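Go ahead and model the full structure; you've got the sequences and the hints to work with.
Every letter in the sequence shown is one number past the one before it in this note's numbering, and letter 17, counting from 1, is 17.
Bear in mind the hints are in silico, worked out from the structure with no lab data behind them.
Be aware that a few hints might be false.
Straight line, CA to CA, 20 Å or less: simulated EDC-like cross-link-like pairs of lysine to aspartate or glutamate [as the list claims (entries may be wrong)]:
1. K55 with E79
2. K43 with E79
3. K30 with E87
4. K42 with E76
5. K53 with E79
6. K30 with D83
7. K78 with E51
8. K55 with E87
9. K42 with D65
10. K30 with E84
11. K53 with D75
12. K43 with E87
13. K30 with E51
14. K53 with E87
15. K30 with E20
16. K30 with D75
17. K53 with D22
18. K55 with D65
19. K30 with E54
20. K43 with E84
Label pairs and their calculated CB-CB ranges [claimed, not checked]:
21. E2 with W69: 15 to 21 Å
22. N46 with E20: 21 to 27 Å
23. M3 with K42: 25 to 31 Å
24. G63 with S8: 17 to 23 Å
25. W69 with Y26: 15 to 21 Å
26. E54 with D22: 16 to 22 Å
27. D64 with K42: 33 to 39 Å
28. N68 with N39: 29 to 35 Å
29. D83 with E23: 15 to 21 Å
30. N39 with G63: 28 to 34 Å
31. P49 with E87: 20 to 26 Å
Quick caveat, the model's predicted, so the values are computed rather than measured.
For glycine and all other residues, C-beta sits at the position ideal for the given N, C-alpha and C.
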Amino acid sequence: MEMFNGWSNYSTWLVVLWLENDENNYRLLKHLVNGTGINPSKKLTNLNPIELKEKLRTSFYYGDDPINWNAVNTDEIKEMLLDEYIEESEM
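Laid out in structure tokens, this is it:
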């Protein structure tokens, strides 16, 4: 499989790009992870890929960019979010 800018495919890269560059999207994901009352790292680890895709697809702003939601690699998204959580908690 061909990589796209370090991610498994274009759609995964595009979701990460929007997550990292749009404050509202970032807040949405933080709420999804932190607003559960469960340890965020545990929530991320156990987050159902279908639930994550559905939350992103229905609540996430991505402009007019064509995202193939079936191709989005949720494992990579979860890993990126977990890295962000760990980095923030170390500050």
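Status of each hint after checking the structure:
{"no.": "1", "hint": "K55 with E79", "verdict": "holds (17 Å)"}
{"no.": "2", "hint": "K43 with E79", "verdict": "holds (12 Å)"}
{"no.": "3", "hint": "K30 with E87", "verdict": "holds (13 Å)"}
{"no.": "4", "hint": "K42 with E76", "verdict": "holds (16 Å)"}
{"no.": "5", "hint": "K53 with E79", "verdict": "holds (14 Å)"}
{"no.": "6", "hint": "K30 with D83", "verdict": "holds (13 Å)"}
{"no.": "7", "hint": "K78 with E51", "verdict": "holds (12 Å)"}
{"no.": "8", "hint": "K55 with E87", "verdict": "violated (23 Å)"}
{"no.": "9", "hint": "K42 with D65", "verdict": "violated (31 Å)"}
{"no.": "10", "hint": "K30 with E84", "verdict": "holds (10 Å)"}
{"no.": "11", "hint": "K53 with D75", "verdict": "holds (11 Å)"}
{"no.": "12", "hint": "K43 with E87", "verdict": "holds (16 Å)"}
{"no.": "13", "hint": "K30 with E51", "verdict": "holds (15 Å)"}
{"no.": "14", "hint": "K53 with E87", "verdict": "violated (23 Å)"}
{"no.": "15", "hint": "K30 with E20", "verdict": "holds (12 Å)"}
{"no.": "16", "hint": "K30 with D75", "verdict": "holds (17 Å)"}
{"no.": "17", "hint": "K53 with D22", "verdict": "holds (18 Å)"}
{"no.": "18", "hint": "K55 with D65", "verdict": "holds (17 Å)"}
{"no.": "19", "hint": "K30 with E54", "verdict": "holds (16 Å)"}
{"no.": "20", "hint": "K43 with E84", "verdict": "holds (14 Å)"}
{"no.": "21", "hint": "E2 with W69: 15 to 21 Å", "verdict": "holds (19 Å)"}
{"no.": "22", "hint": "N46 with E20: 21 to 27 Å", "verdict": "holds (23 Å)"}
{"no.": "23", "hint": "M3 with K42: 25 to 31 Å", "verdict": "holds (29 Å)"}
{"no.": "24", "hint": "G63 with S8: 17 to 23 Å", "verdict": "holds (21 Å)"}
{"no.": "25", "hint": "W69 with Y26: 15 to 21 Å", "verdict": "holds (19 Å)"}
{"no.": "26", "hint": "E54 with D22: 16 to 22 Å", "verdict": "holds (19 Å)"}
{"no.": "27", "hint": "D64 with K42: 33 to 39 Å", "verdict": "holds (36 Å)"}
{"no.": "28", "hint": "N68 with N39: 29 to 35 Å", "verdict": "holds (32 Å)"}
{"no.": "29", "hint": "D83 with E23: 15 to 21 Å", "verdict": "holds (18 Å)"}
{"no.": "30", "hint": "N39 with G63: 28 to 34 Å", "verdict": "holds (33 Å)"}
{"no.": "31", "hint": "P49 with E87: 20 to 26 Å", "verdict": "holds (23 Å)"}
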